[in-house]
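*Asks:* Letter by letter, the chains look like this.
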Amino acid sequence: MRAYLIRRFMELIPTALIIVVGSFALVRLAPGSPFSSEKELPPEIRRQLDAKYGFDKPLPEQFARYLGNLLRGDLGPSTKYPQRSVNEIIADGFPISLTLAGVALVWSLLVGITAGIIGAVRQNTVWDHTAMAAALVGISIPSFVLGPLLVLLFALRLHLLPPAGWGDLQHVILPGITLGTIYAASIARLTRGGMLEVVRSDFIRTARAKGLSERLIIWRHMLRGGLLPVVSYLGPAIASMLTGSVVVEKIFNLPGIGPYFVDAAFNRDYFLVMGIVVLYAFFLLVLNLMVDVIYGLLDPRIEYS
Amino acid sequence: MFCCALALLTGCQPAETDFFGTTRPRHGPDELWINNAGEPEWLDPNKCADGNGGEILWNTFAGLVQAHPATLEPLPEIATHWDISADGLIYTFHLRPSEWSDGKPLTAHDFVYSFRRLVDPVTASRYATNGHIFRGGAAISRGEAAPETLAVRALDDLTLEVTLEHPVPYFLQFLTFYSFMPIPQHVLEDLVARGIDTDLWTRPEHVVCNGAYRMTEWRFRQRMVFEKNPRYWDAKNVSLARVKLSMVESSTTALNMYAAGEFDWPGSNTSLPAEFMDELSRYEDFHRHPYLAVYFYWINTRAPPLDNPLVRRALSLAIDREALVTHVTRAGQIPSATLVPDGLAGYEAIALPLFDPDQARQLLREAGYPRPEDLPVVTLSYNTSEGHKQVAEAIQQMWKKELGIRVDLENQEWKVFLANAEQMNFQVCRMGWTGDYADPFTFLELLTTDCGNNHSAWSSPDYDALLADANRESDTRRRLAKLREAESLMLQDQPLIPLYVYTRSQLIKPYVRGIEGNHQDRHPWKHIWIDERPRNNERKAATAPRTEACRPATTTAEAA
Amino acid sequence: MTGIPPPSAAAEAPGNGGLVAGSSLWHDAWKRLRKNRLAVASGIVILVLTAACLVGPLVIATTWGYDYETQDLAYGARPPSWQHPFGTDFYGRDLLTRVLYGGRVSLTVGLLAAVVAATIGTVYGAVSSYAGGVVDSIMMRAVDILYALPYMFLVIILVTILGKSLLLVFLALGAVGWLLTARIVRGQVMSLKEQDFVTAARSLGTPAHDIVFRHLIPNTLGPVIVTFTLTVPSMILQEAFLSFLGLGVQAPRPSLGALINDGANQMLVFWWTLAFPGAVMAILLFALNFLGDGVRDALDPRMKH
Chain V
1 MRAYLIRRFM ELIPTALIIV VGSFALVRLA PGSPFSSEKE LPPEIRRQLD AKYGFDKPLP
61 EQFARYLGNL LRGDLGPSTK YPQRSVNEII ADGFPISLTL AGVALVWSLL VGITAGIIGA
121 VRQNTVWDHT AMAAALVGIS IPSFVLGPLL VLLFALRLHL LPPAGWGDLQ HVILPGITLG
181 TIYAASIARL TRGGMLEVVR SDFIRTARAK GLSERLIIWR HMLRGGLLPV VSYLGPAIAS
241 MLTGSVVVEK IFNLPGIGPY FVDAAFNRDY FLVMGIVVLY AFFLLVLNLM VDVIYGLLDP
301 RIEYS
Chain Y
306 MFCCALALLT GCQPAETDFF GTTRPRHGPD ELWINNAGEP EWLDPNKCAD GNGGEILWNT
366 FAGLVQAHPA TLEPLPEIAT HWDISADGLI YTFHLRPSEW SDGKPLTAHD FVYSFRRLVD
426 PVTASRYATN GHIFRGGAAI SRGEAAPETL AVRALDDLTL EVTLEHPVPY FLQFLTFYSF
486 MPIPQHVLED LVARGIDTDL WTRPEHVVCN GAYRMTEWRF RQRMVFEKNP RYWDAKNVSL
546 ARVKLSMVES STTALNMYAA GEFDWPGSNT SLPAEFMDEL SRYEDFHRHP YLAVYFYWIN
606 TRAPPLDNPL VRRALSLAID REALVTHVTR AGQIPSATLV PDGLAGYEAI ALPLFDPDQA
666 RQLLREAGYP RPEDLPVVTL SYNTSEGHKQ VAEAIQQMWK KELGIRVDLE NQEWKVFLAN
726 AEQMNFQVCR MGWTGDYADP FTFLELLTTD CGNNHSAWSS PDYDALLADA NRESDTRRRL
786 AKLREAESLM LQDQPLIPLY VYTRSQLIKP YVRGIEGNHQ DRHPWKHIWI DERPRNNERK
846 AATAPRTEAC RPATTTAEAA
Chain Z
866 MTGIPPPSAA AEAPGNGGLV AGSSLWHDAW KRLRKNRLAV ASGIVILVLT AACLVGPLVI
926 ATTWGYDYET QDLAYGARPP SWQHPFGTDF YGRDLLTRVL YGGRVSLTVG LLAAVVAATI
986 GTVYGAVSSY AGGVVDSIMM RAVDILYALP YMFLVIILVT ILGKSLLLVF LALGAVGWLL
1046 TARIVRGQVM SLKEQDFVTA ARSLGTPAHD IVFRHLIPNT LGPVIVTFTL TVPSMILQEA
1106 FLSFLGLGVQ APRPSLGALI NDGANQMLVF WWTLAFPGAV MAILLFALNF LGDGVRDALD
1166 PRMKH
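Protein chains in written order, with the working numbering: chain V, 1 to 305; chain Y, 306 to 865; chain Z, 866 to 1170.
Accuracy of the hints is not assured; some may be wrong.
To be verified - Output of the computed footprint for chain V on chain Z, the stretches with three or more beta carbons under 8 Å from beta carbons of chain V:
hint, region
1, 906–919
2, 1091–1102
3, 1132–1140
None of these hints come from the bench; they were simulated from the model. Backbone N, C-alpha and C fix where the C-beta goes; we use that ideal spot for every residue, glycine too.
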């Protein structure tokens, strides 16, 4: 296990490097400039701006400098918000996205796994159909529809919660539910599907034959095996939850980092895009590593080679 | 399930009220809550180039002159009066004694510093061209001369003399623009001495300003809080003690927050979506005024078949502009077949038909396309946005219906769109142009050969000469006639297709007073106050500006 | 489009023992599927929907003379009526026609891309997991890298280089669509490959590709089918996002995703512009899910008990 972990950690380095190189290339090869706008810039001014951010240097040199700064923890300046550094921008927004992700995660796991278990244990009953129909509704309502509907109902009609903005915990309830619902629905479907795979497998039959209680079978055996697909799903899902949501953060005007995935790309805010990619990649790699470890915990037969 | 959910929610619409959402302020009478839609790029007057920053700069800095809140006429601000030389080239401003927010005296040198900094290529201002109005400005921007050669000097601490490149009839009005605000040289130099990046001087911990408000809190992408600047020269006439500016990008979200009373006014930077216009315009807190900006389509005059002016004119005539603004854009925009809006600074728009499909078909025949099928497919590109898509889809159909020509729509991501426009890689593309000052020149300049924003590749020495001539003309009537002649010459060739003049639609809570509709959508907070008295039934009662500065000038101001 | 074609490799496999029982499997499965009334009904719904999308616009055009693009601005945004059962959109176009026409694109893009993604993902995940060791590491880190690269830039560059085409839409959707399936299948196979029937097959000298295609993949079909049904709606909505980047279906041609997007913007004023496209998508998802569940159950020989 220890050898496995060490090897996995070593793997992260080349993987991260490829991600950084690839992203840098993609970001810089796209047409457009951070300084273009409806009003054309005089060439001399354009040269000054390029020089200020080092965009006048050859790309490999720029990349070397970027990588050097990155290793020192400096993510560079923002061209769209020149009075702020990318570090500052992420430090401002990340805690907010994190809070939102927390609410969304709790909601999606609670609702999703419960509905999934009900569906699997009571397969093809009214319970199953109700739970799965609810999950389908969750999947088929995109968050840009669910969010405004929740605002309309809970904020504008019932006046229970604020319509948008950031301040205290009540500001993240509606966005958390909006963001979590689509994940909850997917988790419910995957839990049910995974458990059904296990439900008829030999070891459950053996367990039943041994006379173990149904409750124990559900918790000890079915859920463990059945959670494998959910755990696989959760790796990338949590990584994208942690780095915020473009749609939900816009609808509820949460100043998190989610919108940068799209806006920074539209603005060609090169360093901000890279900063967000690096952050996401970090979570993705770490979470997928955790997922691999959890596989072994859920199913002791899985060996680490 | 969408049906059920929606029926449930829209079915229980409350009875029609006169106002959209709550009408009671959620704060004291000395506060205003508005939306700025987005974070500004720069809060540095010299470098700012977006509306998000402009809204803030106009309220935190005070220039030589200020614009009247309704008419936008230049009025004294830091300058109490000014003299203009007979040839209209030299302006001498006499400044009132005033202070920066840190108590340091504000002098003519601060203006000299600012104007030089504006054109200095090292500053790399997007609006450096604004400073080309001063003699020597353009050469400095090109890096050919030192910033000190700019024809701007402080005769003494309270007298400033500027020399223009050529007479500019709209100069004083142009001077109200934020690019020309003073810059506290001492603050920037202090930062340099302390080894801090001078780009950070506008952050609340460093900023020093001279306007009616001062930023005290800046939570990135959440809110900014501004407090009244007690050292502003006219502070006694500033009513609101605090202004909270939120950063809500989505206009639907902004509408919700307005309804819930979290904004008193969504602000000039929030644009209301077209779909909601019919609904919103029923409310009493809905206001609308024309805006000095024109929506048009550039035509690439190099690429066949649009290299033929007859084809271009046919395209223009085949657009039913009236239908476009009534049914598509829906915000009361003024349909226009000319680039310069009618009545701008006394300019009389050229009389052109807004829609004439018969003549359009005739022109197309003359151009050698008796059968529309012969005309190759034309591509119309626009940058991704609901509003641009709506206009493009409607026009595509109009061209198909009236002329029978085939048009492909192509939406592009913004920066890709700009790159394509710059490289003339399009046939027809959409553009909007906001006038920087109330003069036809701000629009007509677009078509000059040297203008970097001219994406039509159309060039006419006659046109360039007429504009240059007009600018040497000191008589307003003769000058306007020359400009008109130039526009008429240009429209004969139709390098662009004007569609309409913008309007601004606003929601303003009934207790907010002092916001005047004007065509640049500038609404200084210092003129705004909260009136909690029950409203009388008079709808949108005209509110006279209250501050001293806004009364008709009693000084020796003599606008050209 | 009569449902979900099972992975082709498994379909060709002749029966020679193992957990999945040969060619009669498909016969038996078909028999079991036909008995599942919900699944049959769902299949019929999908067929009807497909047929409606194919011939509907033509029928409407010849009967009522509406097409998807001709505008009648003065008749814009009217609620449902006898002339226009789904109402009209902002430009006075018949919404029913547009929904059916848009369904063509979305059904093709959504189903086809999801099928391709499911196939690639399943094979990739199973191979990676069964091979294990260095191969698994490299293959899974490649998945991580694809997850982390800034997707928007990838699309923008693809459009710039290759221009716009429907093929590129598939490519852009497919580039990321298969990643989740790959990770889920890999997780499942990690557990399966240690189970008795696989070790038995291995000790009998069964070649690796037989084990993967005949023993492992068929046993992951449950989660794969669930993932497939999750992928379809996200592909349909993703297509609309691609058209923001200039790829995908261009106005005035509709797609279901684009109609739902437009409808969401207008839902508070013109509810029908969201309700009808949304309902069509929801019906499609429900039918796909129940059919998917049916296929899964039918393919599971243990379901006989």
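*Asks:* Tell me, which hint numbers fail for this structure?
*Replies:* 1
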